[in-house]
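> Next come the chains, spelled out residue by residue.
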Amino acid sequence: MANKHHTQTRTEPRRHSKESRNDVQDLLKRFAFVPLLLLTALLARYLLSPTPTTLTETVIPAPVLPNMAHQYSLPKLPYAYNALEPHISEQIMTLHHSKHHQTYVTNLNNALSSYTSALSTGNVPAQISLQQAIKFNGGGHINHSLFWANLCPASSPDATLAAAPKLGDAIKRTWGGEAQFKEAFETALLGIQGSGWGWLVKVENHTGERGRLAIVTTKDQDPVVGKGEVPVLGVDMWEHAYYLQYQNGKAAYVKNIWNIINWRTAEKRYLGGQDESWSVLKASM
Amino acid sequence: MSSKLLRSTPLRAAVRSTQSQSSRAGLAGTTFVRTKATLPDLSYDYGALEPAISGKIMELHHSKHHQTYVNSLNDASEKMEAAKSSNDVASQIALQPLINFHGGGHLNHTLFWENLTPKNQGGGEPPTGALSTAINDSYGSLDALKEKFNTALAGIQGSGWAWLVQDTQTGSVSIKTYANQDPVVGQFRPILGIDAWEHAYYLQYQNRKAEYFKAVWDVVNWKAAEKRFK
Ligand SMILES: [Fe+2]
Ligand SMILES: [Fe+2]
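Protein sequences, first through last, are from chains A and B. For the first sequence, UniProt numbering gives the first residue as 1, with consecutive numbering after it. For the second sequence, UniProt numbering gives the first residue as 1, with consecutive numbering after it.
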């Protein structure tokens, strides 16, 4: 019961949003939200819950969908593969989206369908052992979906901080200026040891005030899904994101990426909540 | 590959190359003896591992990536010396991840270059003697080991390495994966390592990393692995 209450709490804000007027869409979104639970830390909480019935009630909505876990699909890019040239080459974009991201989607779907079977047979060890695959591949799917949407061609009017007036103000308040923020962000990106991501995150607190901003890095495909954390902007620092063009010169990649940041998307995520930042993801379900 | 890339000096082990450097004056009037890590030479040409690993990859991997680990290790070591001489324990602790990462990168790559060799110089020739016996004891056959090793490599989530290690307590060999540049230290002895960072294969294999893992066995230097096995 506790989790049902929780689900409603999470769903409620969307009921009030204008795109929820369409009932069918709303219904789809509600189904879509169920597998999303699996991608978050909530899963771990339910799994470790002392009352196993809670788990069953939460995840069982799967049977409502035709007898298997929901299948995610690769979201379409909002621009052409060559649209980010010369800052990110067409070859990188093609491989990154159609191969790397696709692999995360495929492996996530496989892990979720194994997870669904493990649930239906009550195989708890299998459920636990699948968590890392769900986290890694689910994270890969979330992160890349966010990344594509927070990039745009350099010629776009969205590719300047002016396209994010409120976020821009908050950035200047927090770091003292756009240049200082960029420098701090670049330092964080270049300090990642191994594969990972750099994020501008909004952290909301319980008072309901607009959250403070922070630069965080996550390792491998760990997603930003903590309580009150809204990923505003993410940069992929895996070598596959730049190697064919920049090789060991990742500092140049990090410098150039500022030319193709979609600040309008960042503003929307900043003004919205987690639901807003995950809207691209939901569209691919 | 041009002849300037072909070095005649034999490959030095990381430890020996670290010791080979002379002492240096310290900071702020404090004199201390400090050794410096250096990039070891390869005992083969950059292009000599083709077609398993392209000359371009080898050149960047050795002259750029490994060099960066060496430079950053020296930088971190210098700061560590300064923190030690000023008894700044907080800084010493803060520097440890950098030493682990860049020192690990230096050790791992040094071992990696040694455990590769061109096909016409014995690359891919199966191990013999005690190592061969230990592999058979643990895995049944060399082919079975390779299969499990490739599965381990493919399962690395992010950057890292897979190693055939020897347990110093039991003497037996096993496959272990390590994240990022975490080095094989402590209970386990490194016998054979394969770099699974994307920079190790991406220019040639892109997202098809399984092909790289399959091909690299053609240039594995099992003789070097045998020497590490005790
Ligand atoms: Fe990526
Ligand atoms: Fe490497």
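Honestly, I wouldn't trust all of these hints.
[Stated by the list, open to error] Just some of the chain A residues that point at chain B, by a computed CB distance under 10 Å:
#1 Ala-80
#2 Tyr-81
#3 Asn-82
#4 Ala-133
#5 His-240
These aren't lab readings, by the way, just hints derived from the structure by calculation. Don't be surprised by glycine CBs; every beta carbon is placed ideally from N, CA and C.
> Does the nearest C-beta of chain B fall within a distance shorter than 10 Å of the C-beta of Tyr-81 (chain A)?
Violated, about 15 Å.
> How about His-240 (chain A): closest beta carbon in chain B under 10 Å, or not?
With a closest approach of 5 Å, the His-240 (chain A) hint holds.
> Grab the minimum C-beta distance from Ala-133 (chain A) to chain B and call the hint holds if it beats 10 Å, violated otherwise.
holds (9 Å)
> Holds or violated: is there a CB of chain B closer than 10 Å to the CB of Ala-80 (chain A)?
Because about 20 Å separates Ala-80 (chain A) from the closest Cβ in chain B, which is outside the 10 Å limit, the hint is violated.
> Per the CB criterion, is Asn-82 (chain A) less than 10 Å away from chain B?
violated (17 Å)
Consistency with the previously given hints fails for numbers 1, 2, 3, ordered from lowest to highest.
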